[in-house]
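Colleague: The primary structure of each chain is shown beneath.
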Amino acid sequence: MSEAVARTMPDTDDAGGNGVPLRFTGNWFIDIGILGFVNLMEEVYGWSLDDLKKKLKENPDRVYYGYFPFAYLFYHSRVRSTLKKVGDIKKTVNDLSDKAKENKKKLVELLSKRNSNSKDSEVKKLDRKIERINSKIREIEEKIWKLNKEAGRLIDVLENEKLDLRNSLESVLDDILNDASSKFTNKKEIIDHIIPNFDLNQPPDHRNFFIYNPKKDLFNSFVYLFYLLREDFDTLYTYAAEISSKKKREGLTYETHPDSTVNPFLPSVEKFSNIDYTLPISLIKIKSGLNLSIPLYVVLLSFSNAFNFIDGRYISFYTNNLDVTYKINKRIKTRSQRPKREGRLLHAIWVSAIDELVESKARFSIENMYIIEIASIDKQKLRGVEFIGIPKFQATFLLDDTIRNSINTKLEIDKKREVQKYLIEEFVKGQPLTPIVIKNIRLSLSEKERKIKIPIRTAITASALDLAYTSSNDLFSDDPLDRNFLYRNVEYVKRIISEAHSLRIAVSDTVQTNERLKEGLALRLLDLALKENKYEAINTALRVIVAHTKECDMAKLKHIINPLLKAINDNAPTWRVFIIAFSLGLLGGNQNAGG
Amino acid sequence: MQEDSWKKDSKKLLDYMSKLSKGGNKQGLAYRFLNAVKSKNKSEFEWLLDRLLIANAGEHKELVQEIVRIISHYPLDYSENLERIGHIIVLGLISGNANSGGEQNE
Chain A
149 MSEAVARTMP
159 DTDDAGGNGV
169 PLRFTGNWFI
179 DIGILGFVNL
189 MEEVYGWSLD
199 DLKKKLKENP
209 DRVYYGYFPF
219 AYLFYHSRVR
229 STLKKVGDIK
239 KTVNDLSDKA
249 KENKKKLVEL
259 LSKRNSNSKD
269 SEVKKLDRKI
279 ERINSKIREI
289 EEKIWKLNKE
299 AGRLIDVLEN
309 EKLDLRNSLE
319 SVLDDILNDA
329 SSKFTNKKEI
339 IDHIIPNFDL
349 NQPPDHRNFF
359 IYNPKKDLFN
369 SFVYLFYLLR
379 EDFDTLYTYA
389 AEISSKKKRE
399 GLTYETHPDS
409 TVNPFLPSVE
419 KFSNIDYTLP
429 ISLIKIKSGL
439 NLSIPLYVVL
449 LSFSNAFNFI
459 DGRYISFYTN
469 NLDVTYKINK
479 RIKTRSQRPK
489 REGRLLHAIW
499 VSAIDELVES
509 KARFSIENMY
519 IIEIASIDKQ
529 KLRGVEFIGI
539 PKFQATFLLD
549 DTIRNSINTK
559 LEIDKKREVQ
569 KYLIEEFVKG
579 QPLTPIVIKN
589 IRLSLSEKER
599 KIKIPIRTAI
609 TASALDLAYT
619 SSNDLFSDDP
629 LDRNFLYRNV
639 EYVKRIISEA
649 HSLRIAVSDT
659 VQTNERLKEG
669 LALRLLDLAL
679 KENKYEAINT
689 ALRVIVAHTK
699 ECDMAKLKHI
709 INPLLKAIND
719 NAPTWRVFII
729 AFSLGLLGGN
739 QNAGG
Chain B
1068 MQEDSWKKDS
1078 KKLLDYMSKL
1088 SKGGNKQGLA
1098 YRFLNAVKSK
1108 NKSEFEWLLD
1118 RLLIANAGEH
1128 KELVQEIVRI
1138 ISHYPLDYSE
1148 NLERIGHIIV
1158 LGLISGNANS
1168 GGEQNE
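Chains as they are written, first to last, in my numbering: chain A, 149 to 743; chain B, 1068 to 1173.
The reader is advised that the hints may include incorrect statements.
[What the hints assert, rightly or not] Simulated pairs of lysine to any residue, SDA-like, Cα-Cα distance not exceeding 25 Å:
id, chain 1, residue 1, chain 2, residue 2
1, A, K714, B, I1137
2, A, K249, A, G300
3, B, K1075, A, A720
4, A, K291, A, I303
Since the hints were made in silico from the structure, they are not lab data.
Model the full assembly from the supplied sequences, consistent with the hints where possible.
Modeller: Next comes the structure, spelled out in structure tokens:
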């Protein structure tokens, strides 16, 4: 196993265990596979985690060697092909909806033209055009209706097939499994008819896996999977050699030493054939090393089922507890299926994850939460894989609703609209947020015609979080065992945010000069904040006050003087929060937060 | 520089500076202080400070003495001291210029 895969986390006993060995191991790669297994069984048989645990308690062999291989084969033939068809239909429906919208827009324009026109000939001409567009819209809507109906029908068919599979397995599975000693030859007829229209689609994370290359029929696929899962390698070889000359020649390879054939996270023997230490570890060693009681190939084959496709990426949330991880990912799946504005999906994910954690009162869990992201798997090559842990420090802030909501947004930072930064993600990764918000403010000022809202609340919160992050060691506690100091951090940051808002409002009310000059000064201050030039920034802010504050009373001035005094005195970058708030005050300070 | 004592001193300095009433055009003076700080011109800074303190020495003798006592703890040869003290002085001048109707600064 590669180093990344072998990375381990503290082992925890899963609360739902009840003696059934379905629990996380502490190795994220294996755990994600276990989650994938749970998801796959739920997708095909509709079993929740508790149902699955119950079934495993009753008879694990039935689940691992009977239900699982059929679920896997059903998923990679019927489910994936149906979902692909439905996906294509949805894409066409979206295109047609866009067309319908365009036509409706045209129709509104024509109707208003017609109403304002008094010439008979013109009106007739317009009427004809209106009629044409109306019939076009009707035609498109009819097509959309038919396509939606077809998508619904396909889903219904799939659901019926799932039900049939469940029912037929209920009655014949024991018979099938009892025939294992004669390699299922007596049950071939039954097995062949368990999945109608069986046609395998190779998943993107497998390559040259026996049953896909070339595609095997249902019977051979099942028998191969059965012996692979049972780890009965002698019978597996005899069987595979009978139907494949290649297997006969080469013998068992990845079956005994799992490699990138089944999962791109595992090393490839072909690529590093001459280096001994990169050779894959044997299945037996992996199982005994991790003390696994679940067949390893259940985990390896289910890996991709743990991920949800969201916002163009495959994402899975991982904590060290199976129940919590399962519930969070389920919530995410449900939320991500609801129609959402683009860019709000990630927001939904965070809401799901944090809701679940707060509801299950597992405040500790967020400290051990990881997000595993895969941008894409193209020809079994992984792209953009990220393993993001959520450190305790960031977790404490994310649990605060106000702070989380303020940074739960995507911000554009370049004119080409190509780069968008999702602040929570950056925060979790420990990246500074202030440069992102400053770049976004600059962008909204330079591209006024686009009317990008200045993210006031976000900007102030982001810079305050940077302050907390960069100075967490000096500001808050000397005692590493003081667990409450992080919660005091949150209070401190909130106080700074509130002072910054008062400063912003006071500046907005008291500084009187023309808008252009204010904008120039704000940009200058933001530049200085970005360059971390503390005293020049304070000097500039004081100049603004001296030069452009005509009349103001002490009450208002207090909200400017106190933060600036703090900015001068603090060694921590408190000044940056206040300078950003000062700039936002110059920019008006009355716009709403947003991205 | 002792951070704790500086924090206390800076508040006192701000308070005393805001109570000084003479010194000509306070806006102009604040500007000149800001320029001296920006260019790190210590002699210009000291000259401005002297002018301000001498102008107030008669009316606010004790305040001036206190200000001198505080500033003397922080050698202006260090640019950070110059910047901190200079900015506090300007803050004091600004708050001294405000309408006195509202609350008092802490």
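Colleague: Does each hint hold? Answer for all of them.
Modeller: To see whether the hints hold, each was checked on the structure:
1. K714/A - I1137/B: 18 Å, holds
2. K249/A - G300/A: 23 Å, holds
3. K1075/B - A720/A: The hint holds at about 17 Å.
4. K291/A - I303/A: 18 Å, holds
In summary, this structure violates none of the numbered hints.
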